[in-house]
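**Student:** Protein chains in written order, with UniProt numbering: chain A, 1 to 396; chain B, 1 to 396; chain C, 1 to 396; chain D, 1 to 396.
Hints may contain errors.
No distinction is drawn between identical chains; accordingly, a pair holds when it is met within one copy or between any pair of copies.
Stated by the list, open to error - Here are the simulated lysine to any residue pairs, SDA-like style, with alpha carbons at most 20 Å apart:
1) Lys377 - Ala289
2) Lys220 - Arg89
3) Lys107 - Arg229
4) Lys60 - Leu266
5) Lys226 - Asn104
6) Lys350 - Asn40
Rather than coming from a laboratory, the hints here were simulated on the basis of the structure.
Number of protein chains: 4
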Amino acid sequence: MSVTQPARKPRGRQFFANPGPTNIPDSVLLATAHQTVDFNDPNFIEVYDACVAGLKRVLKTTQGLFLYTGSGHAAWEASLVNLLSPGDRILILESGYFSISWANMAKDLGIEVQSVAADWRRGVDMAAVRAALAADTAHGIKALCVVHNETATGMMIPIPEVRAALDATGHPALLLADTISSLGSLDFRMDEWGVDACVGGSQKGLMLPTGMSFTGVSAKAMEAHKTSRLPKHYFNWTNMLARPHRSFVGTVPVSFFYGLQQSLRLIEQEEGLENVFARHTRLGRAVRAAVQHWSGNDGPQLFCLNPGRYSDSVTAILMPEGLNADALRSVALQRFNLSLGGGLGPLGGKVFRIGHLGDLNEPMILGTLATVELAMKVAGVPHAPGGVAAAIDALA
Amino acid sequence: MSVTQPARKPRGRQFFANPGPTNIPDSVLLATAHQTVDFNDPNFIEVYDACVAGLKRVLKTTQGLFLYTGSGHAAWEASLVNLLSPGDRILILESGYFSISWANMAKDLGIEVQSVAADWRRGVDMAAVRAALAADTAHGIKALCVVHNETATGMMIPIPEVRAALDATGHPALLLADTISSLGSLDFRMDEWGVDACVGGSQKGLMLPTGMSFTGVSAKAMEAHKTSRLPKHYFNWTNMLARPHRSFVGTVPVSFFYGLQQSLRLIEQEEGLENVFARHTRLGRAVRAAVQHWSGNDGPQLFCLNPGRYSDSVTAILMPEGLNADALRSVALQRFNLSLGGGLGPLGGKVFRIGHLGDLNEPMILGTLATVELAMKVAGVPHAPGGVAAAIDALA
Amino acid sequence: MSVTQPARKPRGRQFFANPGPTNIPDSVLLATAHQTVDFNDPNFIEVYDACVAGLKRVLKTTQGLFLYTGSGHAAWEASLVNLLSPGDRILILESGYFSISWANMAKDLGIEVQSVAADWRRGVDMAAVRAALAADTAHGIKALCVVHNETATGMMIPIPEVRAALDATGHPALLLADTISSLGSLDFRMDEWGVDACVGGSQKGLMLPTGMSFTGVSAKAMEAHKTSRLPKHYFNWTNMLARPHRSFVGTVPVSFFYGLQQSLRLIEQEEGLENVFARHTRLGRAVRAAVQHWSGNDGPQLFCLNPGRYSDSVTAILMPEGLNADALRSVALQRFNLSLGGGLGPLGGKVFRIGHLGDLNEPMILGTLATVELAMKVAGVPHAPGGVAAAIDALA
Amino acid sequence: MSVTQPARKPRGRQFFANPGPTNIPDSVLLATAHQTVDFNDPNFIEVYDACVAGLKRVLKTTQGLFLYTGSGHAAWEASLVNLLSPGDRILILESGYFSISWANMAKDLGIEVQSVAADWRRGVDMAAVRAALAADTAHGIKALCVVHNETATGMMIPIPEVRAALDATGHPALLLADTISSLGSLDFRMDEWGVDACVGGSQKGLMLPTGMSFTGVSAKAMEAHKTSRLPKHYFNWTNMLARPHRSFVGTVPVSFFYGLQQSLRLIEQEEGLENVFARHTRLGRAVRAAVQHWSGNDGPQLFCLNPGRYSDSVTAILMPEGLNADALRSVALQRFNLSLGGGLGPLGGKVFRIGHLGDLNEPMILGTLATVELAMKVAGVPHAPGGVAAAIDALA
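Input sequences plus hints: build the corresponding full structure.
**Tutor:** What follows is the structure in structure tokens.
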């Protein structure tokens with residue numbers, strides 16, 4: 001290794017601008033490093049109960065909550081198997097890679113999937129959603145599934161508009177929302193928005209390691225659960241209600257709760273949930289200001305073409321025609337220790353993504369943007385220099 | 001709070017003599033407190049691959065391995081849904097609470113369950129196993145399920161004898177083994193013993209937090225998987241093989257791998273796997289020596305009446321008639337900060353359990369036994385004093 | 001390495017029964033792993049001020065406090081150089097290795113040392129102290145130095161009796177007390193007992209790593225400081241008073257304060273200082289009960305022959321004639337991962353020491369005692385078996 | 001607290017651009033959180049010895065090394081008291097706040113101090129150094145003290161030029177160098193450069209918490225030590241040589257060694273010491289490029305006017321006339337969680353300082369610079385915008 005070629009592991013903390021999992025605050029990491037305790041110990045139960053209550057406040061619900069030892073996909077699967085029966089039909093609003101994955105999961109589980117197609121750069125047309133619901137006069141659609149914030153494209157779908165489409169058509173389908181990359185970063189209001197089941201994970205806005213996920217469940221969904229016939233045990237809410245914790249099947253993953261306790265403290269007491277949202281808005285704007293500036297010179301551009309649906313937690317950036325996003329990501333990672341997200345599915349190599357959610361502040365986001373600019377320069381990606389200055393202006 | 005009444009949280013480290021989850025070494029805890037990394041980062045993939053290879057060495061297999069973000073129950077469910085179809089029949093060897101739970105899970109998933117009943121204090125009769133297999137001339141039994149080490153009763157079932165029963169009857173059923181509380185503590189040899197699928201978790205002999213589990217899978221089992229028709233997605237091995245990690249569906253829980261890397265280093269390099277087993281044998285004997293001494297005076301006795309099947313990782317202790325185990329456990333926990341395991345299912349209140357697996361040594365086990373003796377004295381549980389001295393003799 | 005010979009690093013947590021440094025609670029260790037902060041940051045100053053206030057409460061003083069980046073010896077040196085001038089005479093009450101070390105330090109610094117000799121197994125005779133003071137009619141003795149709890153011999157010297165000797169003789173000497181192995185374990189009352197300077201460290205009852213020490217300073221001592229002429233800068237209290245923190249010269253070691261904040265929370269809020277003392281009393285008695293039992297059969301015996309001066313934080317144990325304590329310690333450490341303290345100075349090889357201070361509870365102390373008994377058995381040290389049972393009786 | 005006003009503790013990791021203490025890598029922080037061990041335990045001694053050997057490699061010496069539980073000032077004091085006698089004269093090369101502090105310390109200890117005055121923005125004139133030495137024909141100067149890297153002004157003094165001055169004048173004075181903010185960041189070669197005693201601390205380039213410091217000692221210095229008569233005990237090298245560790249007086253601070261072991265692994269094995277220096281050079285240039293750009297518009301400018309002496313580990317930045325650096329620092333800290341260094345002594349309020357040493361990479365330094373630019377904009381400090389772009393150019 002020559003002295004002038006920086007090593008693969010340059011000194012200094014890795015900048016993690018991947019949309020998920022995301023940065024974990026030191027105090028949360030250290031809280032998770034808690035020695036083992038009995039999950040039935042009354043002292044732990046106190047911590048557990050406080051976490052469940054706090055999580056409901058973040059979901060803005062007073063209804064049900066079930067937790068899983070599992071990743072976000074586990075919570076997706078739990079929401080389907082607990083609410084549906086073989087052959088049931090669901091309507092999925094296409095948003096990108098993750099809506100398609102959810103649809104594929106449903107098919108694997110024996111559910112019939114109907115989709116509302118969408119231009120990934122603009123997001124689903126609400127008129128098309130209403131039309132699909134209105135056409136289902138037999139109410140064969142048992143559930144409507146929407147990804148609140150599509151992590152693959154950096155697009156936010158307004159849930160209240162989806163709710164309105166259900167209400168306008170008088171359709172009784174359950175409303176299921178994936179809040180994995182929005183919860184704790186963007187405003188989400190389960191009860192006010194009439195969401196029947198929402199799916200979240202530990203590893204994004206809650207700033208925890210990957211491994212715990214959960215579903216908020218409305219009273220209406222609990223009714224639907226009673227007649228659901230998809231086979232289930234590990235994810236079965238009825239099994240869970242029979243246990244002291246009224247959640248989980250099997251061992252409770254105690255370390256996540258010590259982490260969550262600290263994470264909730266940071267979110268609710270130290271910063272305040274509404275301030276968390278405001279910070280994400282501020283930082284999201286700064287990122288977009290930089291990208292819009294770079295695009296001036298045939299440079300990379302925002303993938304999302306719908307300003308009303310910009311995501312404040314993740315930005316997908318479309319490379320100039322013919323240039324590979326992964327080559328740029330590799331320069332950022334190998335030379336400068338900056339981890340950027342890649343394109344998923346059909347967007348592989350075409351976009352890169354900046355995650356700006358969770359434990360983040362101005363120096364971190366500016367450092368990320370400046371290093372992207374540096375990497376573009378090194379990699380020969382055309383762009384209008386000065387994106388960082390545009391971000392600084394947006395933040396000042 | 002009066003000065004002479006010790007607080008609920010007495011100073012000093014909690015003694016955790018619960019059979020699971022179990023003690024986590026400091027160095028493993030700190031290793032899990034690793035900052036987030038991209039699970040597709042080549043640096044992480046190196047760690048990941050080394051962990052998978054090490055885990056196979058611990059399983060003593062060169063065949064397949066699938067990992068899950070989930071607890072041990074997730075791995076149970078994965079083993080069933082990946083190998084079976086609706087209406088398939090399995091034979092479960094009754095051993096205690098966990099064999100019954102596994103059976104209940106199978107039923108919930110639409111599998112027909114046949115059981116070989118057993119006296120919980122002596123364990124299943126191998127002749128009865130052979131008889132059940134021999135009687136199934138139509139080979140309707142697709143899989144035989146056995147819990148290698150029944151955590152609820154402190155009994156170890158010799159897998160080679162089960163394999164011999166299958167071989168003797170020429171029965172083609174798959175052999176499924178739950179190694180959750182044995183792996184990394186007691187000798188287990190997947191390939192040599194002809195196990196087709198074995199289920200393990202992070203939180204016992206591997207000395208990690210709860211949240212990751214896995215299944216070792218034989219070539220024969222992979223064949224069976226191809227025709228399995230139980231619905232599945234999150235646990236689907238075929239889905240996993242299509243991913244770069246050839247395991248997991250969804251986000252990979254990176255923190256567990258940093259912990260596992262350290263745990264494998266402790267097990268394989270620092271102590272040596274065979275030394276780990278020898279230590280468990282030594283400590284298990286000491287625990288039983290103490291309990292057998294205590295029993296002399298109408299005191300608590302070993303629940304397991306079959307010396308050939310004593311578990312070296314957990315001991316269940318039957319209280320004298322009419323005395324509640326949970327009252328004793330409460331004294332141990334509240335006054336002396338010693339966490340003991342309780343009785344499960346029908347054994348609730350009748351037994352308490354000492355976990356002696358994972359990160360454990362002589363002072364820890366002697367401190368546990370001495371504190372149990374202290375708690376019996378304080379709680380007025382009859383016993384022959386001097387159990388610790390018997391354990392010391394066993395260890396000298 | 002054979003399977004039956006346990007490795008040098010047996011699995012399981014090391015039992016640390018050394019009288020210092022001592023066990024650090026996990027939560028304190030993790031608190032010290034705090035990222036760097038500016039020691040002038042107002043957020044840190046809040047933590048700092050709260051720690052200084054808490055430390056004064058533990059010292060039971062409302063007077064001055066100076067902190068050092070240094071070990072306990074640094075605080076010793078600071079107490080001397082800040083109060084004395086070249087050629088000044090001090091009176092040191094002999095108690096063991098540490099009183100002699102303090103005397104040697106004083107001589108190195110140009111101070112004249114007068115000692116009150118003592119039988120190390122009985123401690124200084126207060127009549128001899130009074131006599132020495134009474135004989136000093138010219139008041140040439142500027143300071144009287146006493147080790148509150150002699151860590152080398154397991155003996156506690158009652159400070160109020162020393163104060164009484166000064167008062168009875170009307171001697172104006174400053175009273176200096178080394179509280180290194182007593183503070184936070186045994187009751188100590190700086191103001192009530194009329195101590196002018198007391199020396200403490202981070203690594204014993206305060207349950208922190210080694211590296212920070214401090215001196216409580218009375219108003220009378222501050223007066224004496226003004227005329228002190230021993231050269232000093234790093235330890236100079238006057239320099240410290242000119243700084244914003246009113247302590248330290250040079251960089252403030254911030255990590256210790258995050259640890260101390262947590263340690264004070266444990267001591268004051270979770271357990272209560274008086275409960276801490278009561279626990280040390282209880283555990284100290286149990287240790288002595290075991291040793292007294294062992295001694296029955298020409299076994300090891302308590303080094304301290306003065307029951308009124310037994311230390312509740314450390315017990316020194318005298319080996320039977322002709323047997324080497326270090327051989328026994330080696331068995332305990334090498335085979336069973338129990339770290340015992342050795343004999344210091346002339347007691348090297350003749351005594352071993354059990355530290356029972358700081359983060360400790362019944363299972364820890366019983367595990368220690370049982371393992372000592374196991375090691376004696378293995379090493380062939382004569383003793384009356386059953387010491388653990390005696391300790392259990394003492395604790396029940 | 002209004003939603004739009006960010007809280008005092010904005011989410012996201014604090015950017016710590018203070019020149020010391022400096023950022024501590026996560027792996028080092030976690031390594032220091034090691035449970036207590038006996039500092040005489042052979043397992044610890046192995047770690048200890050490896051650390052001492054590694055530290056000598058970083059110092060580029062094969063001569064002596066003494067360690068202290070103490071901060072950098074402790075090592076300063078140790079170097080003086082171990083080498084000098086009351087009334088001895090030393091020559092200190094003025095460089096800024098820290099050279100003056102060292103001089104004041106020497107005076108407090110009874111040493112006569114002669115200074116070579118210097119323009120703080122240009123550094124000492126080597127001709128003046130030579131002249132002072134040449135004038136001292138009686139060789140009354142016992143030691144020449146130089147700060148290798150003056151942290152207060154961001155100026156590096158070339159030690160070989162100082163050595164050359166001594167050699168050219170045939171002056172036998174000992175050469176003492178303060179390497180506190182250079183060691184492990186800038187090249188330093190104790191033996192090759194003929195340094196007799198060099199002073200370093202844990203909390204800068206070695207990336208450890210504050211609390212351990214040390215002195216490299218040449219054979220010539222060890223000779224001088226033998227006749228030194230300043231009173232000393234805690235810092236006395238002779239006392240240290242009599243101990244098993246051949247360093248320290250009193251308890252050895254074990255936690256620092258577990259951290260140092262990891263720190264040396266990062267420096268030597270993961271990155272390579274020469275690569276560490278190259279990285280500091282690269283990042284230092286980037287910082288200066290930004291500052292020089294900002295200065296264009298009557299903005300802040302580099303304090304150091306001597307390009308040959310620019311420090312690659314810290315940059316002091318002079319505010320425009322009439323503007324208070326601390327007001328700018330407050331905006332950076334309060335609104336953006338960026339901690340900048342302040343001006344020391346006469347430079348208070350006039351300069352702010354960016355530390356760019358230790359655990360640092362491109363994203364961190366660019367994030368720092370961009371946030372300084374943002375803070376200047378918010379605080380109304382005139383500057384030529386685009387400093388970050390200049391830094392990007394310097395790094396590309």
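**Student:** Is it within, between, both or neither when you check Lys220 against Arg89 at 20 Å Cα-Cα?
**Tutor:** Classified as within; 18 Å inside a copy, 36 Å across copies.
**Student:** 20 Å Cα cut-off: does Lys377 pair with Ala289 within a copy, between copies, both or neither?
**Tutor:** This pair counts as both: shortest intra-copy Cα distance 18 Å, inter-copy 17 Å.
**Student:** Tell me, please, which holds for Lys60 and Leu266 at an alpha-carbon limit of 20 Å: within, between, both or neither?
**Tutor:** within (17 Å within a copy, 34 Å between copies)
**Student:** What label fits Lys226 with Asn104 when the C-alpha limit is 20 Å: within, between, both, or neither?
**Tutor:** between (24 Å within a copy, 19 Å between copies)
**Student:** When no copy is specified for Lys350 and Asn40, does a C-alpha distance of 20 Å or less occur within a copy, between copies, both, or neither?
**Tutor:** For Lys350 and Asn40, only the inter-copy Cα distance (17 Å) is at most 20 Å; the intra-copy one is 49 Å.
**Student:** When no copy is specified for Lys107 and Arg229, does a C-alpha distance of 20 Å or less occur within a copy, between copies, both, or neither?
**Tutor:** Answer is both: 15 Å inside a copy and 13 Å across each meet the 20 Å cutoff.
Of the numbered hints listed earlier, not one is contradicted by the structure.
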